[in-house]
Structures are given as C-alpha cells and as structure tokens.
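Participant: Protein chains in written order, with the UniProt record's numbering: chain A, 1 to 397; chain B, 1 to 397; chain C, 1 to 346; chain D, 1 to 346.
Hints in this document: simulated from the structure, not taken from any laboratory.
Just so you know, not all the hints are guaranteed correct.
[Said to hold, decoys possible] Only pairs whose alpha carbons sit at most 25 Å apart, straight line, appear in this in silico DMTMM-like list of lysine to aspartate or glutamate:
no. : chain 1 : residue 1 : chain 2 : residue 2
1   : B       : K262      : D       : D119
2   : B       : K392      : C       : D255
3   : B       : K10       : C       : E4
4   : D       : K237      : B       : E178
5   : A       : K262      : D       : D280
6   : B       : K232      : B       : D191
7   : C       : K237      : A       : E183
Chain residues, written in single-letter form:
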Amino acid sequence: MNLDYTDDQKAFRQEVREFLAAELPARLSDKVRAGQALSKADHEEWHAILNARGWLAGNWPKEFGGTGWDAVERHIFEEETTAAHAPRIVPFGLHMLGPVLQKFGSKAQQDHWLPRILSGEDWWCQGYSEPGAGSDLASLKCEAVRDEDHYVVNGQKTWTTLGQHANMIFCLVRTSKEGKPQEGISFLLIDMESPGVEVRPITLLDGGVEVNEVWFSDVRVPAENLVGDENKGWTYAKYLLTHERTNIAGVGFANAGLQSLKRIARAERDGDRALIENPHFAARIARVEIDLMAMATTNLRVVSAAAAGQAPGPESSMLKLKGTVIRQEINALTKAAVGPWAIPFQSEALEGANEPSAGPDYAMPATRTYLNNRKLSIYGGSNEVQRSIIAKTMLEL
Amino acid sequence: MNLDYTDDQKAFRQEVREFLAAELPARLSDKVRAGQALSKADHEEWHAILNARGWLAGNWPKEFGGTGWDAVERHIFEEETTAAHAPRIVPFGLHMLGPVLQKFGSKAQQDHWLPRILSGEDWWCQGYSEPGAGSDLASLKCEAVRDEDHYVVNGQKTWTTLGQHANMIFCLVRTSKEGKPQEGISFLLIDMESPGVEVRPITLLDGGVEVNEVWFSDVRVPAENLVGDENKGWTYAKYLLTHERTNIAGVGFANAGLQSLKRIARAERDGDRALIENPHFAARIARVEIDLMAMATTNLRVVSAAAAGQAPGPESSMLKLKGTVIRQEINALTKAAVGPWAIPFQSEALEGANEPSAGPDYAMPATRTYLNNRKLSIYGGSNEVQRSIIAKTMLEL
Amino acid sequence: MNFELSDEARMLQDGLRRYLADAYARPLREPSDTVWAGLAEMGVIGALFPEEAGGFGGTGWDIALVFEELGRVGSPEPLLDTGVLSGGLVAAAGGDVEAVIAGGTRLAFAHGEPGGRYDPTRVDTRVEDGRLTGRKAVVAHATSADELLVSAREGEALTLWRVDPDAVEMHDYPMTGGGFAADIVLNDTPGERLGEGDATEAIVQAQARATLALCAEALGLMERIRALTTDYLKTRKQFGRPIGTFQVLQHRMADLLIEIEQARSAVVNLAGNVDGPDRDRHVAATKNLIGEVARLVAEEAIQMHGGIGMTDEYELSHLVRRLTMVDHRFGDTLYHLERFIRLAVA
Amino acid sequence: MNFELSDEARMLQDGLRRYLADAYARPLREPSDTVWAGLAEMGVIGALFPEEAGGFGGTGWDIALVFEELGRVGSPEPLLDTGVLSGGLVAAAGGDVEAVIAGGTRLAFAHGEPGGRYDPTRVDTRVEDGRLTGRKAVVAHATSADELLVSAREGEALTLWRVDPDAVEMHDYPMTGGGFAADIVLNDTPGERLGEGDATEAIVQAQARATLALCAEALGLMERIRALTTDYLKTRKQFGRPIGTFQVLQHRMADLLIEIEQARSAVVNLAGNVDGPDRDRHVAATKNLIGEVARLVAEEAIQMHGGIGMTDEYELSHLVRRLTMVDHRFGDTLYHLERFIRLAVA
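So that you can see chain A by itself, here it is in the shape it has in the complex (with noise of 0.2 Å):
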C-alpha cells in the first residue's frame, strides 16, 4: 500500500496545471468562484477550450474523440479544474448520454451523435425524471406510440436542468403498459425544435432558474432515433445512472468550498478576533475537514479500484451520500459565516447589476448556493434511496 501518485501521474497533473494556467480565462474562473451563475456562451467557450485541446471527453475511449484516461488520470483532472475554479463540464452529453451511445447505440447513432456532441453543435439535456416519478423512476407516465416510421410522443418530463439551452433532450418513454414497471421502459433522442415540444422555465428555492418542465404533445421522432432495443430502456438508464456516479463524492468541489469558507471565516470579525478564531466556528469546520479528509482517501480507494478494472458497486451510494452531507454542511458553515450578509437576497446583484448589498463580494452567494445545493441529496437517486441500496446490497438486508 501506498498513497503516493507515480511519476507519471506527477507529469501529468503538472501538465493539466499549465494547461489552465494558460488557456482558462480569468473572465470564467472569476465568475466561478464569485459563485456567478455561467451564461450559455460561458459554457461554450470553455468547452471549445477543452475540445481543441482534446481534454473535453475525459471519460470517452480514443476511439470516439476521448481522452483515454484510467480512473486516476480522470480524477487528477477534475482535481485540478475543480481546484482552479475552472466551469464544470457540462454533463448530459458528454457524461451521460456520450456513455450509452457508445455502449448500446447503432454505429449510425454513434458516428452521427458523438461527434457533434464534442464540437458542442449539440446541447443535450435529459428527460427521465417526471411529476410523480422522482426517486421512483419506474413509474414513469411519458409515452411514445409507434407510429410507421414515427414515434409519436406524449406527456411530461421534470427537472430538466439547462432544457433552457439545448436543442436535444434523451428521454426515457414508456413504449409498453404490460409486464413490470421497468419493463416497456424505451430511450429515446427527441429534437426540441419538434412541433409539440414546450420549455416551461422552474423557479427554484433560491430564486435560480436551472431546471424546466418539458412537455410533448403529439411529438414525432424517427424511430431510427430509438436506442437499443425497445422496452430495454430501463437497462440502458441503469447503466447511465452508474457512470453518472463517477466523482458522485464531489471532493473536488468539498475542497474548493472548505477553502472558501476558511477564507471568509479569516476574513469575518466576530467580536475581537477573527470568525476562525472563535473555537465553536472553529470545530465545525474541523470537523467538515476531517471527513473531508476521510471522505477523500474512501474516493481515491475507488477511482483506484476503477483504475483497476474494477465495476463502481455500491460504494458509489456511500461516496454521493457523505459527499452531499459533506457539501451541504460546508454551504451551510459558508452561509453562518457570513452572518447578517445572509439576509440579502441578490439574485440580480449576482448578475452584476444595480444595487448590490454593502456587504463584502465573498458573502453574495452564500445563501443561494446553501438553497440551491439541498438538491444534492434529493437528485441523482436522493439520499433514501441511497441508503437503501447500500442495505441490501452491503449488507443483503
């Protein structure tokens, strides 16, 4: 045993650092760690960046246009970006979808979809969640009717984050009512500029707008837009639902908060001294940190594993659990720490318009992102459901 990265792995987290040293624009990384929210062209240009680098598909095989990299060398990277507060990779295509397509599409799919996903020609967003199937996806309403050539599509999908950017959505459709609830479950690319397709914008907690309903009415998609096999959806979501969970423990971005609240908490005066110095404040971040630290090495155990050829199992369930709990304490600390400053709510000071609170820039966000990030323990399969998986399959309860 040992916790030491190779030489190689040295190299290449030198290189990755040069590399956004160079190429990460400043106008970006600001935003990012001002907790600005990232315009649709923000996204873009930092996806051209990675792309033209060759960097942009770090969880891709060579063979589609991706990087190649093993388990360690993905964790490196986001490491580094995460650590340089460079914008998250924005995942539907690339982490998501870009996975099944190569796993289960037809070479037709893979040549057409994969290419124009890297050149960032398409903006995908995924419909699987619905109003009244959330953790509980096979129960899922949303149907495609087979019509010659044609699928013809109708019902709802929710909490489709970034719909208000993309020009694609994969959805999860109910193809068949027979059998099991997982079973006629079928996946399907639908174009939003469709006829029949609607992007109603949801507010959230925080004032934000991220996420959006989606409705079909009488949409037609070509049946050559079908993945895999008909009714075998439930699979192909299965096996998203698990690569979705690499870096599920979010270390990358728990580190970056825990350095941001230290940061505050020097910067805040409680009384005489320093908010760090008052022992209370002090122990709560300490111990954050010290999970943290532990939260950390149960991570590196399995990006290794990984490494090694080894399947994610429920460990993945372990990681997004204490990762959110993690995340959430830290956004929460954040929000104490910059004390009355919690109380403005600027949703359009975060925009860089008029008006913004007296208060120091560092306490702007701090409420939203503690609103907002109470979502990492309901999406992604909430936190229950996690537990119950780690149950019965860790300790066949």
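Once you've looked at the hints, dock chains B, C and D against the given chain A.
Facilitator: For chains B, C and D alone, kept in the frame of chain A given last:
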C-alpha cells in the same frame, strides 16, 4: 400563562426539603451520590422512613393509604428527593402493581396486597418480558393452564429487575392461544417461593447484576391471584405502561447528572485550565443543558395538564425519548470528563472493597453508569417503539 | 404555574388566527398595506405595548402569542421591527407610540454596522452637535419606514436618534425572507435625540424581546412547515404507496415533532423570563435551540418533499427561506452558545 | 498510489486471521500466555519492528494490518503496549528488542500521571542520581510486564528509564476492556537510563504509532460489531418478521456502514503518514474521527440488539467495552479536535 409555583406549592417544597434534611440518612445519600449500588436493606430502610411520614405512595389515592398528591406535587417531591440524592423508590409494587390493583383488582386483593406493599412485607418484581418478546410484548409465550382452583404456570421471564430481592412477581401469562396475540393474556400474581420457580441472575454490560431470568416449571398459583378477568391482561398491562411513564422524562436524574458532570469538569485539569474551560467540552455541556431546560418545561406542561385532569397522551413518548437521549448524553460526557480514569473497571471498588484506582472518587462510576444506562433507550418500550407511537398518534401517518 | 392562555389571550389568538387565515388565503410573500392596517385595527400592534404606553399587553406572553401566529402564515410584515424593536425602544424612553399602535407610523432600527456581525455594542457611527455620520448595514424594512431610529456614539455613550429616512443615503435590496432591507450612509445627517443617558441596556432589552418575537415566529413557521410536510407524506405516492407509510420517514417526522416541542418549550421559557433577572441566560438558550431546530426542520422538510420542495412556486419555499433567516438576526446558534457558556456553564 | 496489500502483507494477514480465528474460537476476554506465544511464533510482534531492530516490517501499514485483525477478535493481548509503545521507544533509542520480538519479554510504559489527562508532556516524576520518585496512573498491563519503561524529569529534560516492576509499589485493578492496569508509586526507585537527550519527540512519535495501532484495532472491533449486528438483524424476529426488514434499522445500518468506511479511510491516512512530516495533523484527524464513529457504532449496536446487547454473556459486551475505551487513551475526540484546529484550521 405563568411559570411560577403557587404559594401552597412553594410551602410544600419547603416541607419536603425540611423532611429530607432531617430524615434522609447521610449514609444512603452518600452512596447514591457516589453511584454505588444499594443493598436490599438500604432500599427497605428508605421505604420505611417514607412510609412513617405517609409519603411512600405518592401516586396512590388517600383511600388506599397514599398521599393523594396531584401531578405538580409529585413533581416537586421527585425534584427534591433527586436533588438530595435520596434513593429512588423501588417502583414495582408502588408505581406498577399498586395502580393496577386499585383499578382492576378485587376488594379482597386490594385489602390483602396493598398494605403489604406499604409495609415492605412484600417485595414485588415484574414478569413481562420474555426472550423473543421484548418490545413486542404481545408475542409472549409463558403459559398458565387452569387446573381447578389453580393455574399451572410454565415458561420463562427475563429482564426481571431486582428479582433477586423479590418474594412476589406479577406476570403476564398466556391463558389462550386463540384470537389476536394481544388477546389471551392474563395478569397473575405469583409467590416466588412456590416450588418450581427459579431465579437466575444476568450479568450486564457494566458488570453489575440487577436483572434476572425467572423460570417457571409447573408452578401452581391459586386462581384467586388472577387480577381482573382471564384473557384481559393486555388491557391492564397497557394501563400499567401508561402509569410507568409518569416521570418518564427523568428530569430529576438529568439535573442531578448535569450538576455532577459540571462538578467533575471543574475539578478535572485539562492542560493549564479546568476541563470546563475547554470551549469544546463546555459547548457539549451547554448543548445538553439547553436541551434539558426545554425538556424540563415540556415536562412541566405535561405535569400541569395532568394535574388539571388531562390523561397523559403520546407526549409521554416524546418525553421518554428526549429524556433518554439527554441522560445518555450526560452519561457519555461524564465518562469523557474523567479521561483516563474511565479505564479502571472496578466493581469491587464501587462496593467499597480493596485496591481502588488512585483516581478521584467521582471517576469510579462513570464508565459503569454510561454502559448501564444504555438500557434507558431499550426498556419500557424502546425508543424505536416510541417513535412509531408518535408517528401513529400525533402525525396519523 | 399555569400553561393555559387567559380568556383575553385566547380571544386575541382566535381573532388573529381567523384574520390571518383570511388575509393569507392567497399567500403573500411581500408586506401589504392592507394587512398592516388590518393588524393595527384588530389591536395586534397594541398587544405588544403595555398600558402605560397606550397598549394593552406588552408581556413576553403577548409577544410570543402574536408572533407564533404571524409565523404560521409566513407573514413578512415589519411588526417585529416596528412594534417590538423600534417601538419598544421609543416606549421605553417614554416616547409616544400612539401612531405606531394605530398603524400610521412604521419604524426601522438602524443599528448593526458593516463588520459588526452580532455584537449589539459594536457601533462606530458618531454624533456631533446632533448630526450623525457613519454606516449601517442590512437595516430590515428601512425603505418602508416612516422614521428611522439610529444608534450612534456620543463620546463613549451609546445613544439613540430619530432620523428622517429621506435625509439618508439608502442602498436597498430584497431580503431572503421577503420585504426590503437597506444599507444606510449617514453623513452629517440631522437627528433628534431619543431618551437620556446610555442606551446600551435599553437596546439589549429591546433585542431580547425582539429575539423572543423572532423565536416565536420561527415556532409558527415550523408548525406550518410540519403540517405541510405531514400532508405531503400522506398524499404523495412512490413505489405504489404514500411515502408517509415508509417507516424511515415516520421516525424522522417523530424526531422533528419532538424537536418542535422542544422549541415550543424554549419559547415558553423565554416568554416567561424576558423581562426578569434571568433574561440573558434564557435569550442565549432559546435562540441557540431555535437555531438548531430551525435548521433541522427546514432541511428535513425540503428533503422529505423531494423535488417539489426545491421549487419557488410551492408554499414551502417562502416559509423555509424565512425560517433559514432566523439564525441571522440578533446572534446565531454559535454566538448564543458562547454566551450561554459564559452565563451558565463556565 | 496503491491500496492493494503486497504479497507479504497478504500472507501475514491471512495467517494471522486464521490463527486468531482458531485461538479465539472460544472468546478470550483476558490476556493468555498461549496466545502471546503464538503471536510471537508467527512473527506478529516482529512485524511491528523494522529490519534494523531485528523485525521485518515496522511501517504504518504493518501496524494497521496487525491491529485491525486483533480488533476483529477483541484480543486483549498487550501487543500495543509491548510492541508499539514501549518496544518502539526501546528500538528508537537503539536498545535491544530481540527478547520482545521473540515473545519472551513484555513491557509496559509508565508515563501518564494523576491529573495529567492526555498531555504527553505533563510529567512530574523526578529523577536524581538515577533514582526515580513520583506517581504514574492507569499504566496498562503493568502487572504482566517483565520490565517497566518510566518517563521522568531530569532537570527540564524528559527522560526514559528502565525499571524493575518488583522495585515499585503497584495498585492494580481490571481494565474495562480486559487485562489489568496499575497505579504506580516510585519512591527513590533505581532505574537504568534509556537513550540520550530529551525524549519528548521520541514519546510523541511512539504515541503516534500507538494511536495508529489503537485506531486500527477500533476499526477491527467495529467491523466485527457490525457483522454481529447484521447477523442479529437477520435472525431476530419481532412483530412477526426479522427486525432487519424494518426500513428504519436498514437505513441506520447503512449510515453505520458509511461511517465505518470513513474510519477505514482515516486509518489508511494515518498509516501512510505516521512516519512523515504531516504526522500530527493526521494523528489528530484520525483519532478524532475514530472516536466519533466508535461511539456511534457502539451505541447503535447495543440499541439494535436490544436487551441481549446489554448482557455480559453475549460476545458484543466485551467488544463494545474495548471499543468505548479507545477514546480514553492518547487523547479523546475533543482533545484531538482542538489539536486539529491548531494544526489545520486556525
């Protein structure tokens, strides 16, 4: 609304204080304060003193030789005796069997058994739990078969507290296997000196012996020892469980434990300061004290409602649960407070025997009390059972 | 010892509850002149003041009663700032609060300063020859106030001044829980002195009562959030049955219920002690406990609701935002933990 | 970066696990000469020492591996005291540990003093002309030791001395986790100096390695307790079905599992850093985390077992008692929380 006691209540409190100052033997209060086990004779001595004053049966009506106190008076008596480190009253005859006989017993049973409880002639213990029927009492198996004017009892009871001192046991026994599990249970009074009764001590986690197994082999019990109707024992048992839950919050014990914890934390050195000046330790004490302040008021609200004639409802489940959490936290902090002195495991030392640790006297019971009081959240309806009761009755879930 | 409401209090509670049920039948997330006038008319503002100030209440019990009801509907009216905090200071100094009680005058207390965090004595605004200079931060409901009460140092003494809102520079922004706050710049701004001598104790006392109001409001918010969540657990189905039948959620709801009961007792403790000698210990204990429970209730309620709990449109969002802000006024859980240690443990 | 055991380590682990499964087939709650000899014979003591001291290991990984296995069976052998703590000090000072490795000599480290709590530098025992005077408290396995190692002040310097156990006054008593400890009185007792110069850093280093051993033992204990509890949940029936089918217990077990996984990573972190520059931060982090998780696991295991978990006879009792004592050596959770703050946060 107001939080003050009436003049009458204040006068009563003063009367209790004077009585304790005059009549509570220092030998007994010293043992209680030091966490030492009390002998049978110790208990009997204190019961006799209370009985002489007419204060032994605080929850009995006057007609049966009780005090006739209301809930607030009982609360004041409880507060003062706990604060003075008086032995707790052994509850089996006085708080458990007594109320059942008064409500469901025949005149002959009341006339015979109740005075013997007050005089100390009988020491009762409780035969409820069985292996396999703890929180799920309805599944009990110990069987009583009618044979003319006797019942013949076979089976096993367990967790019989202080059964080693008792000459009488009140039991739930199965008299019918028909209907729901709760039906077919009867409430029977059994002489422990009958042939076929065997008591085996159970050593607990903390090394102490306070509970027992009781075995019955063809034990013949006069039919007149049946309380109420055959097969209706479940009703009486539930009534008893409700009565057992008065003072279930244990506010008095918690207060005494907290005071003792603070004394220890003031005496223990932690580097160059007293342990209580360690902000992290002080924070743990503060949190539990704040919780206790609130719970004491919840308790008073329930007591006050009871004195006004309202039956205790699911609030007793809330008090039981929060009460055990608070007491167990105080026990854990006390163990933490004594530092390395928690390591000696000195059963004999506690009884005053040879080779005690050189540590301070207050350190001796810390570990044992911590271990022993894990029972608080298990017996009398586990905290899990209490949560389910709360969810059902108060949330109607 | 008596935990029953008096007949008068019961009447006030019933009336207020009925009025608010009606006024908030369609949830209001911003202050409303109509509601303000309604509250004044039914005597709710007067209930916060003692008879000698022209009111008919003013005890801790009155404050607790009123604000628990306001909390239940998530009311964003500036009653705490106008009635308890500023109005309390004016009345304590012998000033006239008739117009406040009648609903005609709204007040705001410009006290906290940038960097002052929760320390009630950290005031750098100076006054010279009756003119004030300095900065105030996050002054709640400043823009809707007819009059500002401003704290300032005259020499060493902490003093209070009435200031015309039009005479100051205000930078306003919405608050997370509804309504607007402002950062305020005073630059040689004229003021009229309120009261005599050092105002520190008066401010601490007014903050203690405002803390009680805030804690009672939090209790009402938590009760409403609990009710919403319970209802949701009964209606929402997953995996073929109401999610409230899942034992895990039942037990977590039971724990919430216990903690809310603790919060209620903490409010009772403070209500009974806010004007007494043991005030500071109870302020610290109650505010600390409320802060802990509020976080638990807010986070669990969102979690048990799942996605719908994250949406702005649903009633929960406003209640949760208000509840989350309770910890950011008059000292947070850690501030009061430290105070409690100083007062009661060490 | 590699989290796989080397072939040698895997062999040691397999052999040790097989041996212990056999030796503890009937649980032993007190140290046994047979087991001690068995451990020595299969080289387990030697695995704790580097080659230059006559061993064949001695890294943090070796310590973690050995003590996790001992923890799994709740072994009360004095291996930590003899092999890591005292033996480590002797070896570091260039002393001969051959007899220790061979199992012939058991050592105990008489260091802590009454009132010294967890401070490793609080030593008032004095030495003059090679004779020691002072008191030592709760010296683990003192009565079974063939030789005592005693810390004492010579002037300002902290020094180490070999002392004959027969030359001191011992007051012995059982320990909560098995074995005996003693309070020791030294009164002009002769000793033989071990090493040169000030021993403070040597003691801190030996305690860091002993802390790793203790944390790894705790991990083994927790693994075994978890397995016992899982088995119990599958077999024990209440309300007509195995209690492990109740969702509440499933989720609480899932949380335990996650925390035990955290504990494992914390042990890995300390094992990889115990001889490196970042030692102190990792000692503090790991001991704090282990203390928190140990309490949770012990208490939840008893609770889920119910009554049977309270009995001495059942295997759990001994494991839980040992686990609860982990927090009482080398600094508890709060001690290390404060150290971590000093080293990493502030």
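Participant: Would you mind marking each hint as holding or not holding in the structure?
Facilitator: We went through each hint and held it up to the structure:
no.	hint	result
1	K262(B) <-> D119(D)	21 Å, holds
2	K392(B) <-> D255(C)	13 Å, holds
3	K10(B) <-> E4(C)	20 Å, holds
4	K237(D) <-> E178(B)	21 Å, holds
5	K262(A) <-> D280(D)	20 Å, holds
6	K232(B) <-> D191(B)	21 Å, holds
7	K237(C) <-> E183(A)	20 Å, holds
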